[in-house]
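J.: Given the coordinates of chain B, work out where chain L should sit on it, guided by the hints.
There are 2 protein chains.
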Amino acid sequence: MTTSFAPLANDTFLRACMRQATDYTPLWLMRQAGRYLPEYKATRAKAGSFMGLATNVDYATEVTLQPLDRFPLDAAILFSDILTVPDAMGLGLSFAEGEGPRFAKAVRDEAAVAQLAVPDMDRLRYVFDAVTSIRRALNGRVPLIGFSGSPWTLACYMVEGRGSDDYRLVKSLMYARPDLMHRILAVNADAVAAYLNAQIAAGAQAVMIFDSWGGVLADGCFQEFSLEYTRRVLAQLKRSGVDGQPVPRIVFTKGGGIWLEDMKNLDCEVLGLDWTANLGQARAIVGGAVGGPGKALQGNIDPNVLFAPPEAIAAQVRAVLDSFGKPHTDESTTGPTHVFNLGHGISQHTPPEHVAALVETVHGYSRSLRKR
Amino acid sequence: MTTSFAPLANDTFLRACMRQATDYTPLWLMRQAGRYLPEYKATRAKAGSFMGLATNVDYATEVTLQPLDRFPLDAAILFSDILTVPDAMGLGLSFAEGEGPRFAKAVRDEAAVAQLAVPDMDRLRYVFDAVTSIRRALNGRVPLIGFSGSPWTLACYMVEGRGSDDYRLVKSLMYARPDLMHRILAVNADAVAAYLNAQIAAGAQAVMIFDSWGGVLADGCFQEFSLEYTRRVLAQLKRSGVDGQPVPRIVFTKGGGIWLEDMKNLDCEVLGLDWTANLGQARAIVGGAVGGPGKALQGNIDPNVLFAPPEAIAAQVRAVLDSFGKPHTDESTTGPTHVFNLGHGISQHTPPEHVAALVETVHGYSRSLRKR
Numbered sequence: 001m002t003t004s005f006a007p008l009a010n011d012t013f014l015r016a017c018m019r020q021a022t023d024y025t026p027l028w029l030m031r032q033a034g035r036y037l038p039e040y041k042a043t044r045a046k047a048g049s050f051m052g053l054a055t056n057v058d059y060a061t062e063v064t065l066q067p068l069d070r071f072p073l074d075a076a077i078l079f080s081d082i083l084t085v086p087d088a089m090g091l092g093l094s095f096a097e098g099e100g101p102r103f104a105k106a107v108r109d110e111a112a113v114a115q116l117a118v119p120d121m122d123r124l125r126y127v128f129d130a131v132t133s134i135r136r137a138l139n140g141r142v143p144l145i146g147f148s149g150s151p152w153t154l155a156c157y158m159v160e161g162r163g164s165d166d167y168r169l170v171k172s173l174m175y176a177r178p179d180l181m182h183r184i185l186a187v188n189a190d191a192v193a194a195y196l197n198a199q200i201a202a203g204a205q206a207v208m209i210f211d212s213w214g215g216v217l218a219d220g221c222f223q224e225f226s227l228e229y230t231r232r233v234l235a236q237l238k239r240s241g242v243d244g245q246p247v248p249r250i251v252f253t254k255g256g257g258i259w260l261e262d263m264k265n266l267d268c269e270v271l272g273l274d275w276t277a278n279l280g281q282a283r284a285i286v287g288g289a290v291g292g293p294g295k296a297l298q299g300n301i302d303p304n305v306l307f308a309p310p311e312a313i314a315a316q317v318r319a320v321l322d323s324f325g326k327p328h329t330d331e332s333t334t335g336p337t338h339v340f341n342l343g344h345g346i347s348q349h350t351p352p353e354h355v356a357a358l359v360e361t362v363h364g365y366s367r368s369l370r371k372r
Numbered sequence: 373m374t375t376s377f378a379p380l381a382n383d384t385f386l387r388a389c390m391r392q393a394t395d396y397t398p399l400w401l402m403r404q405a406g407r408y409l410p411e412y413k414a415t416r417a418k419a420g421s422f423m424g425l426a427t428n429v430d431y432a433t434e435v436t437l438q439p440l441d442r443f444p445l446d447a448a449i450l451f452s453d454i455l456t457v458p459d460a461m462g463l464g465l466s467f468a469e470g471e472g473p474r475f476a477k478a479v480r481d482e483a484a485v486a487q488l489a490v491p492d493m494d495r496l497r498y499v500f501d502a503v504t505s506i507r508r509a510l511n512g513r514v515p516l517i518g519f520s521g522s523p524w525t526l527a528c529y530m531v532e533g534r535g536s537d538d539y540r541l542v543k544s545l546m547y548a549r550p551d552l553m554h555r556i557l558a559v560n561a562d563a564v565a566a567y568l569n570a571q572i573a574a575g576a577q578a579v580m581i582f583d584s585w586g587g588v589l590a591d592g593c594f595q596e597f598s599l600e601y602t603r604r605v606l607a608q609l610k611r612s613g614v615d616g617q618p619v620p621r622i623v624f625t626k627g628g629g630i631w632l633e634d635m636k637n638l639d640c641e642v643l644g645l646d647w648t649a650n651l652g653q654a655r656a657i658v659g660g661a662v663g664g665p666g667k668a669l670q671g672n673i674d675p676n677v678l679f680a681p682p683e684a685i686a687a688q689v690r691a692v693l694d695s696f697g698k699p700h701t702d703e704s705t706t707g708p709t710h711v712f713n714l715g716h717g718i719s720q721h722t723p724p725e726h727v728a729a730l731v732e733t734v735h736g737y738s739r740s741l742r743k744r
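Just so you know, the protein sequences line up as chains B and L, in that order. Reminder that position 218 of the first sequence reads as 218 in the working numbering, one-by-one numbering, no gaps. Reminder that position 368 of the second sequence reads as 740 in the working numbering, one-by-one numbering, no gaps.
It is worth saying that the hints were derived from the structure and are not from the lab.
Mimicking DSS-like on lysine-lysine, the simulated pairs with C-alpha atoms at most 30 angstroms apart in a straight line are:
id: 1; chain 1: L; residue 1: K636; chain 2: L; residue 2: K610
id: 2; chain 1: B; residue 1: K46; chain 2: B; residue 2: K105
id: 3; chain 1: L; residue 1: K626; chain 2: L; residue 2: K477
id: 4; chain 1: B; residue 1: K264; chain 2: B; residue 2: K238
id: 5; chain 1: B; residue 1: K371; chain 2: B; residue 2: K326
id: 6; chain 1: L; residue 1: K698; chain 2: L; residue 2: K743
id: 7; chain 1: L; residue 1: K626; chain 2: B; residue 2: K264
id: 8; chain 1: L; residue 1: K636; chain 2: B; residue 2: K326
id: 9; chain 1: B; residue 1: K264; chain 2: L; residue 2: K636
id: 10; chain 1: L; residue 1: K626; chain 2: L; residue 2: K698
id: 11; chain 1: B; residue 1: K264; chain 2: B; residue 2: K326
id: 12; chain 1: L; residue 1: K698; chain 2: B; residue 2: K264
Next up, chain B with everything else stripped away, as it sits in the complex (with noise of 0.2 angstroms):
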């Protein structure tokens, strides 16, 4: 363990996520190293395939820090995929070329359930290898982000085996079998849990679990199938990181803006958001008051807002930091606070210079909206 990362240049991520005033909104964008970048598609050549690129903490780190040298992002998000604890599970991930992952055994009956452990997290390595190898290379340029799918996101892939639209295995099994899907959910919360404590203990700063398929649950499903799993994972985490800063925990349910009353009370920093909510009203549920508790937002335009011509993007981007309203700046105490964000990954088809058009209308019009 090494407490020797260089200090912080742009803290203003952190800040926002602790709901700290800040002179400008800062803003990282969900899959920011990706395949609309000609320099990340150059480095995944050479990896060979996705897996290759994950597990190799040189490529890694030099995917994950492309975004930054081309946009002023004021957040660097770890390079890894979400299923990769199933994949330390045993289940046996790929990715076929265009076909999204795959499970080589699918978990869709009591045995295969009785089998599910918490994973030796040396089985990880070289992701908490690769975090230690970004936060060196970033060098204090900005704070970099730990992730981990929630239990229930997992839970979707491993009995899928694979994506789906309709998640008719999943639901099977979590109407038919309860029992079975609450061992499950239990297995991967533990084991989402150490493996986002390991990615603390090599250096992420802040870390988000993506709920990624929380939102096609059924109300009173959400809640007990994916929330409280989420709530087991934040009660195991760490709260400080290798340097005994605080570690902002992110937690982003695509589609899950109709439960924000559900959500207001689970203990973490951040609440994500995709573009189907409104900020503002967001903002009143769990936001908090200057000086109360609360929660920081982050989100949520519309990533196919980036096809359209750049003063497009700029008024699409002013909509959304105006649907958040002012930022507090009182410096003294906490309150609400907003990081802005994509609601969904971007899109690979995005244009990067549209990415441009947008990072910097976030930064200039967030300072004029704190000088109103």
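T.: Just chain L now, kept in the frame of chain B:
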């Protein structure tokens, strides 16, 4: 035009839509005539293709009535497709086996948009003939629901040319050229209104607007590009049918539960909800008090519940009925009512005997709920 239809033997569905007290909670199932029924598959095989089935009055009548012969459902819904209107606009609809709908011509530029016009309703005569034929064949057993896709949902397919998982093309057009998108939506709204009015004239006793893709829009865009045009359709609809009875109008936005406050003032009688919404919370927002204005609610069980064993299905059905709470029972006035349905179309993989369990529990349990 004929008004010689048989009187209704079961008006429970229509009464519930109009917020009148009923002895039990009526139900029907989205896509109740479909591939999960072997008798449907037999008729479909005779017809040769999906459009061959939809455009043949006798086949369309036959499949519409099939689920009613198996289950004591409280309404029938016209067998057709949501894309008949853009097909009539000349876009060339086809269904490739196992691939979903596809248009020969996509609408992606100014020239294509300029050519769009409300189609001659004579091109949709096969739909109206089917409505009249089905209503005659029903002979008053239950009411017949007509339907259309919403202006936005039709636009998604018209611009994408087929189904999409990211709506990149339609959203790119929307963000880059909102003027063109508004023009498409205005034509669609007027076409949908004419189409639904012709279905009402042909004998439809209720109409439903399927905003299947409204939920993919960002907050703000939903209100501007979907809801506003649903409103434009509703404003043009006939309020009574060929027999002089009121024709309730149902609006269903998949993923729209987050926008109930916006939909509260729509000029329609019923709001459909998917399974992410809590019926009790929705009732508090839009259901209205006994004796006051408000909307009936339709929905919202997860269709995947039907893959669980019958006892588990019954428990989930009771939970959905309980989440709405006791419908009002005051015969002298209007008040909160519930029409049971799925939150989305039934899966083709559903065992038909599981549907029987669902129907039986809805009827039985909802009667007992009223006696408490």
